[in-house]
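> For chain A, the structure is supplied; the task is to place chain B on it using the hints.
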Amino acid sequence: MRTNRVTTFAVAVSLIVSVPLMGHHGNAAFDVGKEITLKGTVTDWFWANPHCILQFDVKGADGQPVEHWVTETSNPPDMIATGWTKTSFKSGDQVTVTAQPVKSGKPVGRLLQVVLPNGKMLSTFGGAKGAAARAAAAGAGPADVKVEEVISGR
Amino acid sequence: MLNRFLVLILVFPAGLTLSSVVFAQPAPAPRHDISGTWEPVNGRGDGVQAGGVKAMPNDGKPEHDLPYTPHGLEVYRSHKALEGKDAVLPAYYNDPRNFCEPIGFPRADHYNLRQTQILQNEFKVVILYEYAQTWRVIWTDGRELPKEIPEERFYGYSVGKWVDDTTLVVQTVGMMPEDRVWLDSTGRPISDKLRVEERWHRVNHDRLELSVTIDDPKMYTKPWVSMDKFPMKLADPHTDVPEMYCSPSELEKYNKLFGNAASNKEGKQ
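Sequence lines, in order, name chains A and B.
When you line the first sequence up against the working numbering, it's residues 28 to 181, in that order.
When you line the second sequence up against the working numbering, it's residues 780 to 1048, in that order.
Same shape as in the complex, but just chain A (with noise of 0.2 Å):
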């Protein structure tokens, strides 16, 4: 992955966070309780069943290459219980995405939050503060959570 990490920390306490699990796919692809933060330019939000996709740019530091990403969300209903729309984004808006990544390696992951050029947040399966009751659902304790925060196209 082609990004400056900027900061590493463990989250020891069990946060109190409602957490819908997901109901198509479970966590066997996922890293469980690492978290990265990234920033980029959208290039689609493909709103659809059975989870949403957004899918954005993340310029490379340094003159490295563009890096695409593409991070799932919820199921249509339940983004539109926790105010996301089909019109969220557009195309090259400037988002900050914080996503839990897949174990490939590869740059997809399951977006948990992203902020708009506007301030605004959005957050699904508990938001970036979910991460210790996300791996508790997946079975780790917290001592197995670790954030860290990644930021890339500075």
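Everything labelled a hint here was simulated from the structure, so no lab data went into it.
Please note that a few of the clues may not be correct.
List of simulated lysine to any residue pairs, SDA-like, C-alpha gap at most 20 Å [stated by the list, open to error]: (1) B:K1035 / A:F73; (2) B:K1032 / A:P104; (3) B:K864 / A:D58; (4) B:K1035 / A:V69; (5) A:K113 / B:E1022; (6) B:K1035 / A:T70; (7) B:K1032 / A:Q82; (8) A:K113 / B:Y1024; (9) B:K1035 / A:W72; (10) A:K133 / B:Y871; (11) A:K66 / A:L143; (12) A:K130 / B:Y871; (13) B:K1032 / A:D84; (14) B:K1035 / A:D84; (15) B:K1032 / A:W72; (16) A:K117 / B:K1032; (17) B:K1032 / A:D71; (18) B:K1032 / A:I80; (19) B:K1032 / A:V69; (20) A:K66 / A:Q121.
Quick look at chain B alone, frame taken from chain A:
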């Protein structure tokens, strides 16, 4: 006089408190009526049951092991589910749901039980499920279950009887064979020998509880409870239930964009 004044000071607030408690209580359940729009008391996620049926999640705990027959265990092991303790990566499933097949019954109770509309008249109760916008009819006109199944159905044949003023007990038979439907999202099996009992109990005006018992001698050595008084609350009757569907073209795009990459699988499904 002073005593009367003191009594008033003490009794009046107590009466107010008592009346507020009394008035805060929901109205009693109407007789023989479970109609309304119902949603899980504990939030939208409670009815998803992604990790297996609510009363017996597929989490590897010994107390949640199901009483499989040898054949039932064999069928379970042939299923590649995306949820539960034996889940596979997102691109390697064989869940009929992920091919947009009807999920059938009782999986309609066991998966994505969200905002659920129940309509009824003197002949039948109709349940409108949010997921996949499916519906089923429970006959309450006194008929019996068919002795011979005319043709198997994804949602079976259901008859209901009121066993008291507020409890409708529903028996359902005649579902699809084991290669067409799953019990839940973790790949637990069911067969065409399945008989399901649902108990819809309206606790009061605002609360409904659903219990489900699975009896499938082909897959399980004894009946077991998959949902135990699952709580639902009455929603605003003006609630506009959102669409939740399975679209083959959207699913294909989702797999191409996300599922394959997340699973390190190249190419399309």
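> So, for every hint listed, does it hold in this structure?
So, going through the hints one by one against the coordinates:
Straight-line distance between C-alpha atoms of K1035 (chain B) and F73 (chain A) comes to about 13 Å, which keeps the hinted pair within the 20 Å bound. At most 20 Å may separate the alpha-carbon atoms for a hinted pair to count; K1032 (chain B) and P104 (chain A) meet this at roughly 19 Å. A threshold of 20 Å between alpha carbons decides the hint, and for K864 (chain B) with D58 (chain A) the separation of about 17 Å falls inside it, so the pair holds. Using a Cα cut-off of 20 Å, the hinted pair K1035 (chain B) and V69 (chain A) holds, with the two alpha carbons roughly 19 Å apart.
For the hint linking K113 (chain A) to E1022 (chain B), the alpha-carbon distance of about 13 Å falls within 20 Å, and the restraint holds. A distance of roughly 16 Å separates the Cα atoms of K1035 (chain B) and T70 (chain A); the hinted pair therefore holds under the 20 Å criterion. Only pairs whose Cα atoms come within 20 Å are accepted, and K1032 (chain B) paired with Q82 (chain A) is accepted, the gap being roughly 13 Å. At roughly 16 Å between alpha-carbon atoms, K113 (chain A) and Y1024 (chain B) fall within 20 Å of each other, so this suggested pair holds.
Annotation: proposed proximity of K1035 (chain B) to W72 (chain A) holds, straight-line Cα distance about 15 Å (limit 20 Å). Between K133 (chain A) and Y871 (chain B) the CA atoms are separated by roughly 17 Å; this keeps the pair inside 20 Å, and the hint holds. Restraint check for K66 (chain A) and L143 (chain A): satisfied, since their Cα atoms lie roughly 10 Å apart, inside the 20 Å limit. Our distance criterion of 20 Å between C-alpha atoms is met by K130 (chain A) and Y871 (chain B), whose separation comes to about 16 Å.
Taking the CA atoms of K1032 (chain B) and D84 (chain A), the gap is near 19 Å; set against the 20 Å cutoff, the hint holds. With a CA separation close to 18 Å, the supplied pair K1035 (chain B) and D84 (chain A) stays within the 20 Å bound. With a CA separation close to 13 Å, the supplied pair K1032 (chain B) and W72 (chain A) stays within the 20 Å bound. Taking the CA atoms of K117 (chain A) and K1032 (chain B), the gap is about 19 Å. The hint holds against a cut of 20 Å.
Of the supplied pair hints, the one linking K1032 (chain B) and D71 (chain A) holds, its CA atoms being roughly 13 Å apart against a limit of 20 Å. Taking the CA atoms of K1032 (chain B) and I80 (chain A), the gap is about 10 Å. The hint holds against a cut of 20 Å. About 18 Å separates the Cα atoms of K1032 (chain B) and V69 (chain A), which keeps this hinted pair within 20 Å; it holds. For the hint pairing K66 (chain A) with Q121 (chain A), the CA-to-CA distance comes to about 7 Å; that is within 20 Å, so the pair holds.
Checked against the numbered hints above, the structure breaks none of them.
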